[in-house]
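Number of protein chains: 4
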Amino acid sequence: MKVGFIGLGSMGRAMARNLLKAGHEVTVYNRTHARAEDLAGEGARVADALADTASGEVVITMLADDHALEDVLFGSGNLLGKLRADQIHVSMSTISVELSLSLVEAHRRHGTGYISAPVFGRPEAAEAAKLFVVAAGPKAAVTKCQPLFNAMGQKTFVLGEDPPAANVVKLSGNFLIVSTLECLGEAFALVRKYGIDPQQYLDMLTNSFFSAPFQKNYGGIIAQQRYEPPGFSLRLGAKDVRLILAAADAANVPMPVASVLHDRFLTGISRGLGEKDWSAIAQLEAESAGLK
Amino acid sequence: MKVGFIGLGSMGRAMARNLLKAGHEVTVYNRTHARAEDLAGEGARVADALADTASGEVVITMLADDHALEDVLFGSGNLLGKLRADQIHVSMSTISVELSLSLVEAHRRHGTGYISAPVFGRPEAAEAAKLFVVAAGPKAAVTKCQPLFNAMGQKTFVLGEDPPAANVVKLSGNFLIVSTLECLGEAFALVRKYGIDPQQYLDMLTNSFFSAPFQKNYGGIIAQQRYEPPGFSLRLGAKDVRLILAAADAANVPMPVASVLHDRFLTGISRGLGEKDWSAIAQLEAESAGLK
Amino acid sequence: MKVGFIGLGSMGRAMARNLLKAGHEVTVYNRTHARAEDLAGEGARVADALADTASGEVVITMLADDHALEDVLFGSGNLLGKLRADQIHVSMSTISVELSLSLVEAHRRHGTGYISAPVFGRPEAAEAAKLFVVAAGPKAAVTKCQPLFNAMGQKTFVLGEDPPAANVVKLSGNFLIVSTLECLGEAFALVRKYGIDPQQYLDMLTNSFFSAPFQKNYGGIIAQQRYEPPGFSLRLGAKDVRLILAAADAANVPMPVASVLHDRFLTGISRGLGEKDWSAIAQLEAESAGLK
Amino acid sequence: MKVGFIGLGSMGRAMARNLLKAGHEVTVYNRTHARAEDLAGEGARVADALADTASGEVVITMLADDHALEDVLFGSGNLLGKLRADQIHVSMSTISVELSLSLVEAHRRHGTGYISAPVFGRPEAAEAAKLFVVAAGPKAAVTKCQPLFNAMGQKTFVLGEDPPAANVVKLSGNFLIVSTLECLGEAFALVRKYGIDPQQYLDMLTNSFFSAPFQKNYGGIIAQQRYEPPGFSLRLGAKDVRLILAAADAANVPMPVASVLHDRFLTGISRGLGEKDWSAIAQLEAESAGLK
Chain A
23 MKVGFIGLGS MGRAMARNLL KAGHEVTVYN RTHARAEDLA GEGARVADAL
73 ADTASGEVVI TMLADDHALE DVLFGSGNLL GKLRADQIHV SMSTISVELS
123 LSLVEAHRRH GTGYISAPVF GRPEAAEAAK LFVVAAGPKA AVTKCQPLFN
173 AMGQKTFVLG EDPPAANVVK LSGNFLIVST LECLGEAFAL VRKYGIDPQQ
223 YLDMLTNSFF SAPFQKNYGG IIAQQRYEPP GFSLRLGAKD VRLILAAADA
273 ANVPMPVASV LHDRFLTGIS RGLGEKDWSA IAQLEAESAG LK
Chain B
23 MKVGFIGLGS MGRAMARNLL KAGHEVTVYN RTHARAEDLA GEGARVADAL
73 ADTASGEVVI TMLADDHALE DVLFGSGNLL GKLRADQIHV SMSTISVELS
123 LSLVEAHRRH GTGYISAPVF GRPEAAEAAK LFVVAAGPKA AVTKCQPLFN
173 AMGQKTFVLG EDPPAANVVK LSGNFLIVST LECLGEAFAL VRKYGIDPQQ
223 YLDMLTNSFF SAPFQKNYGG IIAQQRYEPP GFSLRLGAKD VRLILAAADA
273 ANVPMPVASV LHDRFLTGIS RGLGEKDWSA IAQLEAESAG LK
Chain C
23 MKVGFIGLGS MGRAMARNLL KAGHEVTVYN RTHARAEDLA GEGARVADAL
73 ADTASGEVVI TMLADDHALE DVLFGSGNLL GKLRADQIHV SMSTISVELS
123 LSLVEAHRRH GTGYISAPVF GRPEAAEAAK LFVVAAGPKA AVTKCQPLFN
173 AMGQKTFVLG EDPPAANVVK LSGNFLIVST LECLGEAFAL VRKYGIDPQQ
223 YLDMLTNSFF SAPFQKNYGG IIAQQRYEPP GFSLRLGAKD VRLILAAADA
273 ANVPMPVASV LHDRFLTGIS RGLGEKDWSA IAQLEAESAG LK
Chain D
23 MKVGFIGLGS MGRAMARNLL KAGHEVTVYN RTHARAEDLA GEGARVADAL
73 ADTASGEVVI TMLADDHALE DVLFGSGNLL GKLRADQIHV SMSTISVELS
123 LSLVEAHRRH GTGYISAPVF GRPEAAEAAK LFVVAAGPKA AVTKCQPLFN
173 AMGQKTFVLG EDPPAANVVK LSGNFLIVST LECLGEAFAL VRKYGIDPQQ
223 YLDMLTNSFF SAPFQKNYGG IIAQQRYEPP GFSLRLGAKD VRLILAAADA
273 ANVPMPVASV LHDRFLTGIS RGLGEKDWSA IAQLEAESAG LK
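Residue numbers (my numbering), protein chains in the order written: chain A, 23 to 314; chain B, 23 to 314; chain C, 23 to 314; chain D, 23 to 314.
Some clues are possibly wrong.
Where chains are identical, the list cannot tell them apart; a pair therefore holds if satisfied intra-copy or between any two copies.
Cut-off 25 Å, straight-line C-alpha distance, at most; resulting in silico cross-link-like pairs (DMTMM-like, lysine to aspartate or glutamate) [unchecked claim]:
| # | residue 1 | residue 2 |
| --- | --- | --- |
| 1 | Lys152 | Asp70 |
| 2 | Lys161 | Glu250 |
| 3 | Lys215 | Asp88 |
| 4 | Lys238 | Asp225 |
| 5 | Lys298 | Glu309 |
| 6 | Lys215 | Glu120 |
| 7 | Lys261 | Asp88 |
| 8 | Lys261 | Asp271 |
| 9 | Lys161 | Asp219 |
| 10 | Lys314 | Glu297 |
| 11 | Lys298 | Asp93 |
| 12 | Lys215 | Glu127 |
| 13 | Lys166 | Asp219 |
| 14 | Lys261 | Glu120 |
| 15 | Lys261 | Glu309 |
| 16 | Lys238 | Glu79 |
| 17 | Lys161 | Glu183 |
| 18 | Lys298 | Glu64 |
Source of the hints: derived by calculation from the structure; they are not laboratory data.
Using the sequences and the accompanying hints, generate a full structural model.
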């Protein structure tokens, strides 16, 4: 399939590469041009301008935040203005439910297709084409894009025809992940304060009930306190927590643990941990317990 | 081995039965005599009085709470007074760190052995001899009891020679489980408020990253809102949350999510959910979001 | 002085009336025209269009929220476009710090003066010209407007030349008020659950240390559970709590009690209390304790 | 009246002195004998042993905590055993509701009178006989003790005949005070982060709505960050917060702000602020916001 791909961060680059590997014809664009050039050697066509990505059947965006996507679509990029009625925009990054609602409306007015298809997985999973894709949008459009999802992920969950539902689900999933970080941090602070060896504790947890891969992964980081280099920075984590709370606020859903997370991440940024891994909130919890 | 076993609730009965199956000579005692009689047919010797359990090498207690254990050991039961120096008390129920500290001291003075060996797992796991045992105590005593743990559990984690460490670890593990209930409840309230099908949401979660068995189990209960009959009642859950906070308090470890849990469980009891499954805290969260 | 006054809710109308009483020449505007007509009999000139308010030295806005003010200034109203360089805009309603920052910039570019001057006090205080005015803006402009503040309030606190500072202070003051509601609600739930008479409890509190007028006022409402008619609705309270958290978020200041408030107000809206007095959060607290 | 007075901390000493000034015959006892000797010059009879305080009509206790009172009454002191049926025990320190319930029962069995009469006010208020006394107990006994309360306080609130009610009210009042510290701390962190002068902010608050004396007092301490010497230490504050939560827990009343306080005070102790004034929790809040 002929695909435009915008946004080549650590996630986007891996995803675009897997599309290439699967034989799709991919035109890539990145604000910082050099990141796009890297993919030329792997068969990508490098767009000089945003508009060049709009020549295929599908344009995928994998951008840092709401602002970046708004800028690409409506702002200086004006990508929306360049899309034809038979083209589909697939938004795969983590954006707000509010923006997703606006995109539904904007694409409806413009006559273009819109699928929301955020993903679960860290850069390693993206590289291994092991992402989980959560897709929502018009059935025909989703079916058309399925080969692309297959090239990037290990499984696609189709949630219906209402794109923002996928964003809600993505955010609520992120909530479950980040709240695990907070809870692990509290648990480790407790056992460490009682003089228990963190690694021994972790072994017990992960070899008994706390056995999901993400639990093992983050448990290991927290047990060893290796918050650098960041897999996903605390500053970006704070952004995600804000999006969760915004979705909760808009629907009047009280989420007290999300509120605890919000205060924790603000503390992390204020105390200079913004560029550490987001699991470094466990360091704050240890400090509050007087550890180290 | 010759073993006394005190406390035949749904956990204790299954554990005693597995000791019998493994060929141990078990004398059982339960305050409500009838529950003990049930095991007679499976080879148990039924004690008429608490003291009769103290004739073997090891006495295991699996009682409802601190109060019950104190009563057995120090109170009307006066079990401690009947134990000889070469006997070992293995405390396997979930008790406070504070009581475990007292037991260390009481057994030291009395000259008897003491192992703290709480378990992870619900009654089904106890029946299937699939418990996880977290043991701490004098090395020789733990080694001696290993065949018993093998008969009841699938794995034993030995945490060192200080018995209360096992209680801290057990409580912190319970914290991770019960905080998962709270977080799942918040996530389900959010997605349901946005009109997303809970079962579809659950499928996505448990077939992607939220894949540990206890996550699937509780996710299913919450998605289907089947809080009866209780696997573990909200009232008992409240007791566990209190023990977690007491351990945190004694060590000056702030645990904000545990505090959220405490308020949630108090609400549950006040609103008449005490005898439902402890995952019914998700019902409170749904109600706070105006659902149902 | 010749003054335009936009926004005649229960606060604005009383404030405009006091300006008239003090001898100022006031042109009033309200989206719902009838509310403006009411003031004609008291000497106000009634503007047919927003632009008619821009003929004096000062234009005061007292609007419901950010959105209303943005619409008046930048949107359909385009009031900003009609202001001359020697005119001053005094924003007196509770708006976000973010919007206040935008206003600084917009007025700077347009060359007009801008004072932020939110007020403390309920409608009764506005009627009695007993408001507390918190003003920030260029010194000369504030001095010029002082007679207006004197006509509407009992005291003016000048916070410096940076307008958003006044908004931060107003929001933090609202935080102290609304957190008092939450804390009173928790305290009343506790004493009521122990069978203590709420009125007797209130008498003790307000005749000893809890003696500020707003404490007496809200204590009385909560003790008697008379949440209707609303002095200030829970729905509007939720808006204020959001503004507080937005200000905290922008400056990375964790405010856990504000987070508790946020969850509480969302619950209130979801449970149908949006149009009751904002102190009705105490009803939610009583219900969580199983009261009534 | 002939009165025994046990416990001569900064509160107790001032209270005993005011009883002497009012002409009562006071026998004082303190574990550290020297503190008692100080009062000899002011007319007190100094007891050599606890039992010597039990010769009058009333024995007042003003001790540090539950433990100290239990020790005096039931433990090594065995004061209860020495009281005659016509004597009244007035417990004036801040104790748990649970202990107060035990005292009701113990005095009933022993046939002695029991009044719970905790006080509001700091040592300066105690010295000036300006305490607020919250009394509950048998009507005749309270009437008999009224002259004593008059000598120590500016006002007595009689809450009925059930002594523990006075303890609940005292604890809930302390909750309102200590939650004010937390909220002030959050508000000051916010305004300071925005560069607003704390003293100017305080002036605005206390000269407008935040006008109760305790608000001014603590606002001043926090604005100036003078947490030493402590008027009431953070460590003792933590004790009070525990008593509040214990009372809430026993009655199944969720108190989320009290939970925030609990975590805050644990953090304070863990971070070495235990001997500072309890308002030093505001320092923790400032640090979490990255201030200083």
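Each hint tested on the structure:
1. Lys152 x Asp70: The answer is neither: 30 Å in one copy and 61 Å across copies each exceed 25 Å.
2. Lys161 x Glu250: Intra 42 Å, inter 38 Å, cutoff 25 Å: neither.
3. Lys215 x Asp88: Classified as between: cross-chain Cα gap 23 Å, same-chain 41 Å, threshold 25 Å.
4. Lys238 x Asp225: both (9 Å within a copy, 21 Å between copies)
5. Lys298 x Glu309: both (16 Å within a copy, 19 Å between copies)
6. Lys215 x Glu120: between (42 Å within a copy, 15 Å between copies)
7. Lys261 x Asp88: both (10 Å within a copy, 23 Å between copies)
8. Lys261 x Asp271: For Lys261 and Asp271, both the intra-copy (15 Å) and inter-copy (11 Å) Cα distances are at most 25 Å.
9. Lys161 x Asp219: This pair counts as between: shortest inter-copy Cα distance 17 Å, intra-copy 52 Å.
10. Lys314 x Glu297: Classified as both: same-chain Cα gap 20 Å, cross-chain 21 Å, threshold 25 Å.
11. Lys298 x Asp93: Classified as neither; 27 Å inside a copy, 41 Å across copies.
12. Lys215 x Glu127: between (53 Å within a copy, 21 Å between copies)
13. Lys166 x Asp219: between (52 Å within a copy, 24 Å between copies)
14. Lys261 x Glu120: both (14 Å within a copy, 17 Å between copies)
15. Lys261 x Glu309: The answer is both: 23 Å in one copy and 22 Å across copies each meet 25 Å.
16. Lys238 x Glu79: For Lys238 and Glu79, the Cα distance exceeds 25 Å both inside one copy (40 Å) and across copies (38 Å).
17. Lys161 x Glu183: within (6 Å within a copy, 57 Å between copies)
18. Lys298 x Glu64: neither (31 Å within a copy, 58 Å between copies)
Violated hints for the displayed structure, listed by number in ascending order: 1, 2, 11, 16, 18.
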